Amino acid sequence: MAKKSYRTAINDALRGEMRRNPDIIVLGEDVAGGQGATGDVGVVGSVFGVLGGLYKEFGPTRVIDTPISESAIVGAAAGAALTGLRPVAEIMFVDFVGVCFDQIYNQAAKFRYMFGGKAKTPMIIRATIGAGFRAGAQHSQSMHPLFTMVPGLKVVMPSNAYDAKGLMIEALRGDDPVIYLEAKTLYDTEVEVPDEAYRVPFGEARVAREGKDITLVAFGPMVPRALAVAETLAKDGISAEVVDPRTTSPLDEDTILESVEKTGRLVLVDESPPRCSLASDVAAIVADKGFKFLKAPIKSVTCPHTPVPFAPVLEDEYMPNPRRIEAAVRAVMKFD
Amino acid sequence: MAKKSYRTAINDALRGEMRRNPDIIVLGEDVAGGQGATGDVGVVGSVFGVLGGLYKEFGPTRVIDTPISESAIVGAAAGAALTGLRPVAEIMFVDFVGVCFDQIYNQAAKFRYMFGGKAKTPMIIRATIGAGFRAGAQHSQSMHPLFTMVPGLKVVMPSNAYDAKGLMIEALRGDDPVIYLEAKTLYDTEVEVPDEAYRVPFGEARVAREGKDITLVAFGPMVPRALAVAETLAKDGISAEVVDPRTTSPLDEDTILESVEKTGRLVLVDESPPRCSLASDVAAIVADKGFKFLKAPIKSVTCPHTPVPFAPVLEDEYMPNPRRIEAAVRAVMKFD
Amino acid sequence: MQLSRDELKRAYKRMFTIRAFEERVEKEFAAGNIPGFAHVYLGQEASGVGVCHDLTDEDLIGSTHRGHGHCIAKGCDVKGMMLEIMGKAGGLCGGKGGSMHIADLSKGMLGANAIVGGAPPIAVGAALTQKYKKTGRVSVAFSGDGASNQGTVFEAMNMAVVLKVPAIFVFENNGYGEHTAASYSVGGGSIADRARSFGMPAEVVDGVDFFAVHEAMGRALEHCRAGTGPYALEIRCYRFLGHFVGDPQAYRTADELKDARSHDPLPLFRKKVTEAKLLEASELDAIEKEILAEVEDAAQTAIAAPPPDIKSLEKDVYVRY
Amino acid sequence: MQLSRDELKRAYKRMFTIRAFEERVEKEFAAGNIPGFAHVYLGQEASGVGVCHDLTDEDLIGSTHRGHGHCIAKGCDVKGMMLEIMGKAGGLCGGKGGSMHIADLSKGMLGANAIVGGAPPIAVGAALTQKYKKTGRVSVAFSGDGASNQGTVFEAMNMAVVLKVPAIFVFENNGYGEHTAASYSVGGGSIADRARSFGMPAEVVDGVDFFAVHEAMGRALEHCRAGTGPYALEIRCYRFLGHFVGDPQAYRTADELKDARSHDPLPLFRKKVTEAKLLEASELDAIEKEILAEVEDAAQTAIAAPPPDIKSLEKDVYVRY
Ligand SMILES: Cc1ncc(C[n+]2csc(CCOP(=O)(O)OP(=O)(O)O)c2C)c(N)n1
Ligand SMILES: Cc1ncc(C[n+]2csc(CCOP(=O)(O)OP(=O)(O)O)c2C)c(N)n1
Ligand SMILES: [Mg+2]
Ligand SMILES: [Mg+2]
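Chains as they are written, first to last, in numbering that gives the first Met the number 0: chain A, 0 to 335; chain B, 0 to 335; chain C, 0 to 320; chain D, 0 to 320.
Only chain A is shown next, with the shape it has when bound in the complex (with noise of 0.2 Å):
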């Protein structure tokens, strides 16, 4: 099996699917790009990269370029949804959402509760995600919470390439909307991942590594940093778990209580701001649910309640960061 990029995981399951399957079509600004231009069309392939070749194969006519208008592409993705076809919407930066969140969480989210259960809106909202690019307040937020507290939106956040195909394919087969939050600084990392289609199912959490003293649930491109943690903490004798949600919406409460139950203590990594976050709201679940089983404080490492600033000894220190999920991990070690 070869490795692949997470940005190639994520082409290789559009590409498939829109070959199986005519009804998804690909909207969004420069998804091809190079429309009305002198030159080439299509070589962009999204301003990441991640559509590479698929105007070349799909034309104009399922890989369509827009113009900056977020609101009229999402709201155009739903109402596709509504009559029949299954777009895959990109808001290249998530930070854009605020321009067309009515469209996400009014309409789309909303159409089959509304609608007496009589409406599907299959539709995917492909997004970029997380700090780490130097590109400011504006252009470096997560946002998952803000969608996870969507009724009737679903959540993925992959947080390697093979998840990435898997978690792509299963929401293009699913019936109901899905935001699917790309981490930048993931688009270059590989790991082995088929060829061929596969699913990997929503509300399934990974254990990405077995421990026993302590458990790290980590979001989407903090997994890698939980597990760099965790590699480090086994030195000191420390055996971590770190399980990745996979999708924060259906979220897999289970697996989550199931390693707690084992290690009795729990950090959340969570690249968002902290209130209201990904990690308190796993930290409630495990304190309602999960009291039983815990030894210590339930801790979060996030980002802290500012704004993502620009300078990079700021930004780096504003992410959660190896020495502060470490540190984290031993306070939570300590207690007792």
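Since the hints were made in silico from the structure, they are not lab data. Quick caveat: nothing in here was measured; it's all calculated off a predicted structure. Among the hints, erroneous ones may be present.
Once the Cα atoms are required to be at most 27 Å apart in a straight line, the calculated BS3-like pairs of lysine-lysine come out as [said to hold, decoys possible]:
id	chain 1	residue 1	chain 2	residue 2
1	A	K288	B	K288
2	A	K294	A	K261
3	A	K288	B	K291
4	A	K117	C	K78
Based on the hints, put chains B, C and D with the ligands in the right spot on chain A.
Coordinates of chains B, C and D with the ligands only, in the frame set by chain A:
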């Protein structure tokens, strides 16, 4: 001291502060009402009547009706605040935030930080929250978790007329962007409210009822419900303390932690879907900083992970109601 | 194009159904039988019915908070609507939607929308499906004059032009958005000009006259079916009542309200078809009688109907979760 | 109106500063000294400088992701800018903003904006302050051709008309939004027509010619100062480079890129002022020399400067929390 309604208390605060400070303006859809029409201008005073009489007193330069353009309303408020005014913008129903969220979280709330501390954006966004009006999925949400997440924004949730006035005055005298969430179901509730100006500081919770067996933390319109349940429980010898944080950002962690230190038990009452809610936020804080006080799991009473249904029987069950609150308390009391 | 007698009857039937339905809604609202808000379509009947007259169940419409008229014009079942608006189990949306979110996909009605400007982007997407699947069908986005100021509506118009989709933007300019006049809120005064600035053809249409609307819509359909992209109609009409049932309307003078009522599409239609001897007055009377009975039955049934099962609360959020 | 020799010098100085600054940014970006993205203003110098020429520090501008040129045109300090763009402590925003969020309120520069369409509503608010406080000042909203499709921009234009505020909407149409041509994305093709449809006057301006821009802006200022509301300029200009520094631009032919470079505002300005004997070539050369030294100093200083103190991370989120 006279009793005043929540609606009148807010009106009082705005009127008094507008007299005092000529930089305060009010803008939004139908904040006056009747512009361009054949009849009277200014009789509407915003759709819930909160701004009654302000147009008559302050005229069209200070009570400004706008087109239906929430991004332009909030953005104009942000730009006016940045250049010396103190705008009070209205988003009629908080549900509409999806069409203007960018101007709140990426713009107004971030200016100060992005600009290196050199900007001030003293503005208030008023919005109505909550179910119970049979207004359906797109006019009944609360969305306070969404705002609490946002670094740079302050979030106010008055639960009674006294706080409503004092918190509004505090907001109008502060220098940060504030979202002020008015509970539709509380507009007609009355308590004693002084005529003169007074400030209720942000980040100072109110212990709405003292108790020793269990702590209930409730937000905005859920405070009266929590108090009612506490009375019921008292008859069975359960002494519940009810804490009303009044502002969710900043949040008074100390008062909550002190209460849990005393009672050892905690139930959150939060009118929002469960995921990444304020309930989970406070639960997570206590599961970290108050872990050693806890004698039982932390339980939350929230709405289900569904949109708000229209039918009254469904909506009544959707909201945290006395039956569900009581059940949660009893479950926590039973634990050991 | 000359309409057949049957078609004329259908048009009047739909207009009168809207009239009777909305007057009943007014009454039942006052009686406390309708929870929440009700925004009625009284005075605008010729607009919705003229626009939808030549549409099939496979053509699509996206509607507004003032959506009952659009539903009826598109052929939704009146009893199912009344049940829905009263929040009852048998309603078109099982009582979960209500007046502001009523929908019937089987009739191509993609939903009322309680977010001003919510529907046009969705309607563009529905139009994209038609283009992609080469169905020859169109998608109509209804908006009001107030909605014509919402950013999403502009985006939708531009997107429709760029993607060359068969979308028809129908702006029902009834002079008011809530309690604010269009003369105040619509900069420049012409919604049609806004549409034209995106490069699509646009017409201003007399919304009191069913025939004017129907003919303009014919041109819009022809344009869309030729594959050349969207079309816009600014339909000038009158809002007989307030923004919602119960709005005291101090911002409108008694004279203006009286004047509005004088622009009534129903008597105008009657006059035109009877004077041209296309239909007899007695035929129209018979239609009215039939409809009144139908609405009476719908209201009685809905009042007596049971509410949804509490167990439905957490159902139908997802297809699978 | 004829500009004085000093004014002409100032105009050239600013245009050349932008040129030199942006070329340096290109270089330092390639050298790894500038973190993140850089969108440079090369080719558009006459637009920003022409627009801002008659503005004071009390007039306001709201800018875009491509904001360096606007900063310089508005009088921001070049060293402070370079420090900011390199993420250093002494930068205009303490290193917290960066290229896409650079601001200097003391110069009336309300910020670059990394959200396309983010600034126009804010600029309308700034204009509202001027109207309310009767300052006689104006507020300028810069947007690109791509941004002219964003809903917020339409809302801002309509709002400005309705509130009759002194806002000037400047659309810098450089033919591209990222990698998509305006000819594809701007339905109808005319941004000026869009502005006109809201009832405000609008002009199409040759953005290669400083004088054309300056004169059009004069008319805009006059209109705004008369209290009659907003004005719009669609400034046609050329983007010499890609969307960002490093964009390979396969979507543009070599010929087109060459053609773009042939519409260079700097030689055109030189030619005009020297042929009219308003300034000597040697005077312009002297300006260039001076600026190159200033930019060199700015770059060297910025490279050598320390990063922000880690302790500043959690500061300045609120005035008080
Ligand atoms: C985004 C949003 N803003 C505001 C409202 C409140 N609101 C509901 S209807 C309405 C007026 C709409 O006016 P118009 O588009 O002319 O439609 P009409 O009521 O005249 O049919 C307003 C402001 C809303 N529902 N959604
Ligand atoms: C809301 C939003 N959507 C998309 C983007 C990504 N983006 C940044 S610049 C840009 C193109 C803007 O084009 P234009 O307005 O013509 O400005 P120019 O780059 O030509 O100066 C895009 C799509 C963004 N920053 N914000
Ligand atoms: Mg209207
Ligand atoms: Mg451009």
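Here's how the hints hold up against the structure:
1. Taking the CA atoms of K288 of chain A and K288 of chain B, the gap is about 18 Å. The hint holds against a cut of 27 Å.
2. Using a Cα cut-off of 27 Å, the hinted pair K294 of chain A and K261 of chain A holds, with the two alpha carbons roughly 11 Å apart.
3. A distance of roughly 17 Å separates the Cα atoms of K288 of chain A and K291 of chain B; the hinted pair therefore holds under the 27 Å criterion.
4. At most 27 Å may separate the alpha-carbon atoms for a hinted pair to count; K117 of chain A and K78 of chain C meet this at roughly 18 Å.
Going through the hint list in order, the structure satisfies each hint without exception.
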